[in-house]
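A.B. asks: Residue numbers (this note's numbering), protein chains in the order written: chain D, 375 to 672; chain Y, 75 to 629; chain S, 216 to 417.
Among these hints, one or two may not hold up.
[As the list claims (entries may be wrong)] Computed Cβ-Cβ distance ranges for the label pairs, DEER-style:
#, chain 1, residue 1, chain 2, residue 2, range
1, Y, 122, D, 470, 35 to 45 Å
2, D, 532, S, 278, 12 to 22 Å
3, Y, 190, S, 309, 24 to 34 Å
[Unchecked claim] Which residues of chain Y face chain S? A few of them, derived with a C-beta cut under 8 Å, are:
#, residue
4, 246
5, 254
6, 258
7, 289
8, 292
9, 293
10, 305
11, 314
12, 318
13, 585
It is worth saying that the hints were derived from the structure and are not from the lab. On a predicted model such as this, the values are computed, not experimentally measured, just so you know. Even for Gly, the Cβ is constructed at its ideal location relative to N, Cα and C.
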Amino acid sequence: MPIPSSLVTLLVGMALVLSGLWVGYNVNLLPLDASANAPVYDSLFRVLFSIGTILFVGIVGLVLFSLWRFRRRAGDHTDGLAIEGNLLLEIVWTAIPAIVVLFVGIYSYDIYERMGGMSSLNDHAAMHRMPPPETIEASVMVADASTVSGGGTESSPRVWGGIGTAAGEANVLPVEVTAMQFAFIFHYPEGDITSGELHVPNGRPVELRMKANDVIHAFWVPQFRLKQDVIPGQPTVLTFTPTKAGSYPIICAELCGPYHGGMRSTVVVHEPDAYEAWFQKNSPLTATVASAPGNPTA
Amino acid sequence: MTVASPNDFQESLQPQGWLRYFSFSLDHKVIGLQYLVTGFIFYFIGGALAGVIRAELASPISDFVGRETYNEVLTLHGTVMIFLWIVPVVNGAFGNYLIPFYVGARDMAFPRLNAVAFWMIPPAGILLIGSYFITGAAQSGWTAYPPLSITTPALGQVVWIVSVLLLGGSSIFGGINFIATVLKLRRPGLKLMQLPMYCWAMLGTSILVVLSTPVLAGTLLLLSFDIVAHTGFFNPAMGGNVVVYQHLFWFYSHPAVYIMVLPAFGLVSEILPIHSRKPLFGYTTMVYSILAIVVLGLVVWAHHMFTSGTPPWMRLFFTIATSFIAVPTGIKFFNWLATLWGGKLALNSAMLFSCAFIVNFVFGGITGVALAQVPFDIHVHDTYFVVGHFHYIVYGGTVFVIFASIYHWYPKFTGRMLNEDLGRLHFLLTFLGFNLCFAPQHWLGLNGMPRRVAEYDPSFTTLNQISSVGALLMAISSLPFLYNVLVSAFRGEEAGDNPWNALTPEWLTSSPPPVENWIGEAPLVEHPYGYGVEEDTLSLEAATGRDLWGGAGRR
Amino acid sequence: MTSLATNTSTSNAEAASAQAHGDHADLRLFGLATFLVADGMTFAGFFAAYLTFRAVNPLPEGSTYELELLLPSINTMLLLVSSYTFHRSGRNLLLGRMGPCRAWLLLTAALGAAFLAGQMVEYFSLPFGLTDNLFASTFYALTGFHGLHVTLGVICILLVWFQTRNGGRVTSAAPFGLEAAELYWHFVDGIWVVLYGILYLL
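Bound conformation, chain D alone (with noise of 0.2 Å):
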C-alpha cells in the first residue's frame, strides 16, 4: 500500500526537528561555564544550534535528494516542469524565517539584558555611578599619572562601551585593567595591588575598567563567555560574576602587533577565603612582596 506523500513529508519534518533539538542540547561545543551569565549565553547557543542544525540538515537533505531524485537519466534529453514560481510557497518561506529570526532575535535581546548589557551604559544614573568612591579616585589618578601616554586624559571617566553592572548591585570588586602590547596589567584599587594575573572571589561581581595604552587589545574569557575591546582613549568596563573555582585563559582577541597571538594571562576563581588570603598576602598595606611583576611604565 503506498504511504500518502503528505504524511511522509509530515514524518520526515518531524524527525527533523526532533533530531535538530536532540543535536542542538545534547552535543556540546563549548568549553566550561564559569561565569553567572555563561550558563544564559549557553542556552542561547542551544536554542540556535538546534534551530540551524534543523535548517541545516533540513537543506542539505532537500539538496542531496533532488539530486539524486531528479537526476538526468542517460539519453534523457527532456526538460523538466515549466513551473516560474508559486505565490502561496513564497510567502511561506518568507514568513517562516522572518518569525525565525524575529524570535532570535528578540530572545537574544533577552538574554543580552539578563547578561547585563543592556543595563547600565546608557543609564545616565549608571554613568554617574561610574566615578569611585574618593579612595579609588586617587589612585585612578597615580595609575594615571603612572602609565605611559595613556591617550585622552578626560575630566570625567566617561565609559564608551562594554557591560556594565545591574542597577543597585552592591559589593562589586572593581579591578582596573591595562592593556599594553602585550601584556594585562590588573591594578585592585581596594587594595593598591598591582598583578599581572586577575585574582577574584568565586561569586563576587567583578567590574573590570579597562583602558589601553597603545592599540586596541580585547580581553576575552572563554569560560565567562565574555569579550570586550580595550579601546586607547576610551574606557571600557566589563562586569562579571564568577561562578567556579578554577584558573582560566586570558586572551586578547584584538590583533596588537607581532606578539598578539602571547598576549594571554590567567584569572585565578578562588574561593572567597582563598582570596581574602591572596588579598592580605599581596596588599602593599599588608605586606612587601606586591608590586614585584607591576609597574607597567618600565
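Assemble chains Y and S onto chain D, guided by the hints.
C.D. replies: Frame of chain D; chains Y and S shown alone:
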C-alpha cells in the same frame, strides 16, 4: 547624439590574437578575461599566503615564519583575496563578459573607462605584493585598525593604502559602468523584468559599490594623513577616535561582503536553471530579494563592532537589521531549491559546485545569523569561529560559484569543453579540503582560539593540524583544475556554440563570440529561463503531493 | 527538447538601426552623475566623521569649534553666484551665443579662483594648524578636500573655455564638455553649502 563604439576605435589599432589580452583592449570580452586571469594569478598568490598561515598554525608555537612576517602574510592574504581575487572576478570578470550579452549590447556603456578600471588592478597588485619584498608589507590586518596601523612600520601601510585606493577606484569605475549598462544600454524592447538574474545582481552590487566604496577611500585618506602628516583623526594620543574609523571602515566592508556574494548569487541563478532544465523559480521575488539585500546591507555594518565601544541601542538595532538580512537571502535559497525540484539535473561539475555552494553558504548563513546576536557575538567575535564563518561565505559561497562558472562558461570563452572527470575530481578535492579546513575552526573559536595569532594553546593542536591538512587538499585540488583549463584550451572537446542548450543571450552567438558579440542584430530574449515542457505545466495548487514527490514530469 | 526559437525573436525592426553599429545614446552625463553620487559619499563619510568627533570627542583646553564667519560667508556667496553664472553660460551655449557663453565662463572661473583665494586667506589667518587638535585636522581635511574639488573645477572651466573657442570641440551641437563641467560645478557648490552649514554655522 551617438557615441563612438569600440569598433570606431579602429580594430586595426587593437592588437589581434593572444596579444590583445595584454593590450588596452576596449572589448568587454577581452577585459572580462583579463580580469579573470589576473584574478586567478592573485588567487594562487593569496593561496600561497594561506599556505604559509596554515603551515605556521600546524604547530602551537610561532616557528615557521617570524612574527612580523606572519602579520604581513595574514594582512596580504586578506587584502589579496578580497580586493584582487574575489571582487575583481565576480564583478569585473563575469560582469564584463556577460552583462553586455545579457542586455543585448555590443559593449559596456563606457568601454574606455572599463579598460582603465582593469588596468588599475595590476599596478595595485604589484604594489601590494612588491611592498612585502621591498619595504615590508602592512602588518595590521586587512582591516588596518588604527592605532595599530599608525604604529606599525609606516611605509608598508602607506603602500597598502595606495593599493587599496587604486583597487577601490577601479571598483567604482566598474560599478558606474555596470549601472549605466544595465539601466541605459538595454536592447530596444528588452524590459528590466526580462533581464537574466545576474544583471539584477550586478545592478545591486554596483549600487553598493558606488555608495560604499568612496567612504572607504575617504577613510583611508584620513588614515594616511594620520600616518604621514601626523594628524590625529584616529590617534587617541592626539584626541582622536579609533571607533569612528571602525564605523567608516565597516560602512564599506560589510557591504563588501554583498559586493562579493550578490554577483555569486546572480551567477548561480544563471547556472542552475540551465543544468536543471527548469525555469528559475520565483523570478520576481529573486529580484526584490536582491534589492532588499542591497538596502539592508547598507545598515548592518556595526555588527562587526559589538565588542567595540558601541552603545547598547546601536547593538540592538544592528542585531535586528542583520538578522533580517537572512529573510531575503533565505528566499533566494528556497527559490534555488525549488528550481532544482522536479528538474532534470545534469550532475556535471558546474552543477556540483553550485549545489556545494548552496550547502556551504547555508552553513555560513546560519553561523552568520548566530553571529548577528550580540550575546553570541560577544563570545566568539575575533575568534576562529568568525574565520570559519566568513570563509564559508566567501570561499564556500563565492569561490565555489567562481569554479562553477568556469565550468559553465569555459565553452563560451574558448569554444572547447573542460574535461568532466577532472572537473569532478577537482570538485571532490575542493569540497573535502574546504570543509576539512574550515569546519573545525568553528569549534576552535568557541573554545578559545582568537584569530590572527601565530601561536595558540597546545590543546588545539590536533584540530589545527586537521585544518592544515584540509588547506593542503585545497592546494592539491587546484592541480587538476589548472591542468584542465590549460590543456582543454587546446585539446578539449569541441563545444559547438551552445553545448548546454541554454536560452540566455550569451549562448545565442558563436563560441567564442565575435568582436561585437553578434553577427547582425542582437536577439531579443524575453524569456531567458524559458525551459520546461509547457504542455506538462502543472499548477502547484492542483498537484497532489504524489506528483510533487515524484517529479510530475515523469508521470 | 524545447525549441530555442520560441523564446527568442530576432525580428524587432526598430532595434536594427540603433544596434547595427553598436552606437547608443550619450551616457556620459549619466556616468558623471553616478560618479558624483560616489564622490558625494566620500564627503558624506567625512561629514559623518566630523559630526561624530564633534559629538563625542571633547577638545583640549583652550580650543574651540567657533570660527570667523565673515570670510566664509562671502566665499559662500561667491560660489552660489558662480553657479548662476555657469548656468547663464550654459544657456547661452545652447542658444548658440558663443560670445556671452565664454564671458560667463570666464566670470565663473574668476569667481572660483576668488573663492580659492579667500580660502587661502582664511587658512593663513586661522589660529590653528593642521595637527593642532582633532577639530583643526578635520577642518583642514574637509575644506582642503573641497578646495581640491574647486581647483579641479576651475581647471575644467578653463579647459572648457578653451574648447569653446572658434573651432573648438564644445559647440551648441556638442555641449557635453560644458554640461559636464556645469554639473560638476553645481555639485561642488552643493557640497560647499552643506559643508558651510555643518562646519561654520552648526
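A.B. asks: Does each hint fit the structure? Answer for all of them.
C.D. replies: Structure-based check of all given hints:
1. Y/122 to D/470: 35 to 45 Å: holds (44 Å)
2. D/532 to S/278: 12 to 22 Å: holds (18 Å)
3. Y/190 to S/309: 24 to 34 Å: At roughly 30 Å between Cβ atoms, residue 309 of chain S and residue 190 of chain Y fall inside 24 to 34 Å, so the hint holds.
4. 246: Holds - the Cβ of residue 246 of chain Y comes within 8 Å of chain S, reaching about 5 Å at its closest.
5. 254: Nearest chain S Cβ about 5 Å off; hint holds.
6. 258: holds (5 Å)
7. 289: holds (4 Å)
8. 292: holds (4 Å)
9. 293: holds (6 Å)
10. 305: It holds, given that the least Cβ distance between residue 305 of chain Y and chain S is near 4 Å, below 8 Å.
11. 314: Holds: closest Cβ of chain S sits about 6 Å from residue 314 of chain Y, inside 8 Å.
12. 318: holds (5 Å)
13. 585: Since chain S brings no Cβ nearer than about 15 Å to residue 585 of chain Y, farther than 8 Å, the hint is violated.
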